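Read top to bottom, the protein sequences are chains A and B. Numbering follows numbering that gives the first Met the number 0, with no gaps: position 112 of the first sequence is 111. Numbering follows numbering that gives the first Met the number 0, with no gaps: position 150 of the second sequence is 149.
I should point out that these hints are in silico values taken from the structure, not numbers from a laboratory. Bear in mind the structure is a predicted one, so any value in this text is a computation, not a measurement. Built from N, CA and C at the ideal position, the CB exists for glycine as well. Check before you lean on any hint, since a few could be wrong.
Said to hold, decoys possible - Counterexamples of contact, computed for chain A against chain B with all Cβ distances above 10 Å: (1) G57; (2) G107; (3) A116; (4) K123; (5) I124.
Said to hold, decoys possible - 20 Å max Cα-Cα, derived SDA-like pairs, lysine to any residue: (6) K115/A to E99/B; (7) K109/B to Q106/A; (8) K126/B to E142/B; (9) K145/B to Y77/A; (10) K115/A to L51/A; (11) K118/B to R78/A; (12) K118/B to E74/A; (13) K126/B to H79/B; (14) K145/B to E105/A; (15) K70/B to K90/B; (16) K115/A to K70/B; (17) K147/B to E105/A; (18) K130/B to E99/B; (19) K94/B to E105/A; (20) K140/B to G69/A; (21) K57/B to P71/A; (22) K130/B to E52/A; (23) K147/B to G72/A; (24) K34/A to E92/B; (25) K57/B to P146/B; (26) K140/B to T113/B; (27) K34/A to E73/B; (28) K94/B to T112/A; (29) K109/B to Y91/B; (30) K90/B to Q106/A; (31) K34/A to E105/A; (32) K90/B to E105/A; (33) K140/B to K70/B; (34) K140/B to V70/A.
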Amino acid sequence: MTTVTKTENRATRTNETGAEGRGYFGPQVNIVETKDSFVLEAEMPGVSKDGLEVLLEGNELTIQGRRQTGVPGAEPVYRESSPRDFRREFVLDPSIDTARINATIEQGVLTVTLPKAEKAKPRKIEVSG
Amino acid sequence: MKLIQRQNSDLWNWSPVEPLSTLSEEINRLFDSPFGEFTRHMKLFNGWTPALDVYEDKDNLIVKAELPGMKREEIDISFHDGTLTISGERKYEQKNQDAETYRAERFFGKFHRTLALPKPVQSDQAKATYKDGILTVTLPKTEEAKPKQIQVNVN
Numbered sequence: 000m001t002t003v004t005k006t007e008n009r010a011t012r013t014n015e016t017g018a019e020g021r022g023y024f025g026p027q028v029n030i031v032e033t034k035d036s037f038v039l040e041a042e043m044p045g046v047s048k049d050g051l052e053v054l055l056e057g058n059e060l061t062i063q064g065r066r067q068t069g070v071p072g073a074e075p076v077y078r079e080s081s082p083r084d085f086r087r088e089f090v091l092d093p094s095i096d097t098a099r100i101n102a103t104i105e106q107g108v109l110t111v112t113l114p115k116a117e118k119a120k121p122r123k124i125e126v127s128g
Numbered sequence: 000m001k002l003i004q005r006q007n008s009d010l011w012n013w014s015p016v017e018p019l020s021t022l023s024e025e026i027n028r029l030f031d032s033p034f035g036e037f038t039r040h041m042k043l044f045n046g047w048t049p050a051l052d053v054y055e056d057k058d059n060l061i062v063k064a065e066l067p068g069m070k071r072e073e074i075d076i077s078f079h080d081g082t083l084t085i086s087g088e089r090k091y092e093q094k095n096q097d098a099e100t101y102r103a104e105r106f107f108g109k110f111h112r113t114l115a116l117p118k119p120v121q122s123d124q125a126k127a128t129y130k131d132g133i134l135t136v137t138l139p140k141t142e143e144a145k146p147k148q149i150q151v152n153v154n
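Okay, chain B solo, but in the shape it has when bound:
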């Protein structure tokens, strides 16, 4: 699918905690998953790649990103030339200095997703909300991009 331009995320591959779960375990999880989830597991090799969904209704394009456990101010959304970029950094907070880690499956650090929008939108009218760890960006389509009903008179 050409819609999503994947960023080379090698640059962002940083985590203060080594993933402790074994590779074989991750591979088992991978093969237990349907292919739709494959991208979720790409972070095994590529750092953190939050899942993105795109929806469309009559008036809007709606982009949803799974970004659990972030603060609003850590998320950046920008729009340039028909391209939406969602980026940010989830900081690792070690709350207990003497803590011993048993499992570290969560990813911390920077992420960067770029998306070429399939329809022209009015970027100045964009709205974003962050709730339950899901970022939702609503982008109203331009008038030209909206479906129009054409009245045809039959004599």
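If we strip away everything but chain A, and leave its shape as in the complex, we get:
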């Protein structure tokens, strides 16, 4: 129906370098659309509010999360998690009111609420005459 807030996995396709040259990879996201807004959830385990950056440039939204990996003073014995930081870029739907974007992070899940502009919301038009 509507143009999806189209995902551009540029960061995961190219070998960009992150903090300490560790590189980035794209977090897993859910995107839903409601009557009033788009809601994006991204899994960024290990990222606190301090390590998080949400950048808006024109209609491009970049989410980036840096995290402390490993345990200070301890040796890794077995490792499945990625040592890389998170980064993913999104092209926003033109109906989004970029001035009112809101972001929160709780237990490693970033939630970005992207409200639709008033004019983009569906409304009923009364027929006169």
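Add chain B to chain A, keeping to what the hints say.
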């Protein structure tokens, strides 16, 4: 690696939302990743397998699990006969009834990871914390398992 005993997770393969991202896209992501991340993507075929790391220092074994977006009470940790089990269920919360889903890459439902610990530990002294979506279980090693410095006198 024999350290991790993988559970057959077919049983736990449940998600109320069909993953909408296309298979080819997931395969692209897979091949863009180094092999260390391969296990992360195994959930494509096997449900949710949270990544586990094991660290060791002088006194402790430290197990970390990536469990973003859970509540403390949804995580169970048990220890039996040298084996640590981390399990739980991440419940899917549909906050908006009229919402239309565009992307569903996150996994919901049950998970179960079992880990045979490489060293004997004092399980009654174990401590667990959950912060920023990472569960950290600290298990103090038994006295016998700790490295000892032996004084050697040379005449």
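Okay, the hints, checked on the actual structure:
| no. | hint | verdict |
| --- | --- | --- |
| 1 | G57 | 21 Å, holds |
| 2 | G107 | 2 Å, violated |
| 3 | A116 | 18 Å, holds |
| 4 | K123 | 16 Å, holds |
| 5 | I124 | 21 Å, holds |
| 6 | K115/A to E99/B | 14 Å, holds |
| 7 | K109/B to Q106/A | 18 Å, holds |
| 8 | K126/B to E142/B | 17 Å, holds |
| 9 | K145/B to Y77/A | 19 Å, holds |
| 10 | K115/A to L51/A | 24 Å, violated |
| 11 | K118/B to R78/A | 17 Å, holds |
| 12 | K118/B to E74/A | 14 Å, holds |
| 13 | K126/B to H79/B | 15 Å, holds |
| 14 | K145/B to E105/A | 37 Å, violated |
| 15 | K70/B to K90/B | 10 Å, holds |
| 16 | K115/A to K70/B | 30 Å, violated |
| 17 | K147/B to E105/A | 42 Å, violated |
| 18 | K130/B to E99/B | 31 Å, violated |
| 19 | K94/B to E105/A | 16 Å, holds |
| 20 | K140/B to G69/A | 19 Å, holds |
| 21 | K57/B to P71/A | 12 Å, holds |
| 22 | K130/B to E52/A | 19 Å, holds |
| 23 | K147/B to G72/A | 18 Å, holds |
| 24 | K34/A to E92/B | 18 Å, holds |
| 25 | K57/B to P146/B | 7 Å, holds |
| 26 | K140/B to T113/B | 19 Å, holds |
| 27 | K34/A to E73/B | 31 Å, violated |
| 28 | K94/B to T112/A | 13 Å, holds |
| 29 | K109/B to Y91/B | 11 Å, holds |
| 30 | K90/B to Q106/A | 14 Å, holds |
| 31 | K34/A to E105/A | 24 Å, violated |
| 32 | K90/B to E105/A | 15 Å, holds |
| 33 | K140/B to K70/B | 28 Å, violated |
| 34 | K140/B to V70/A | 16 Å, holds |
Checked against the numbered hints given earlier, this structure breaks hints 2, 10, 14, 16, 17, 18, 27, 31 and 33; the rest are met.
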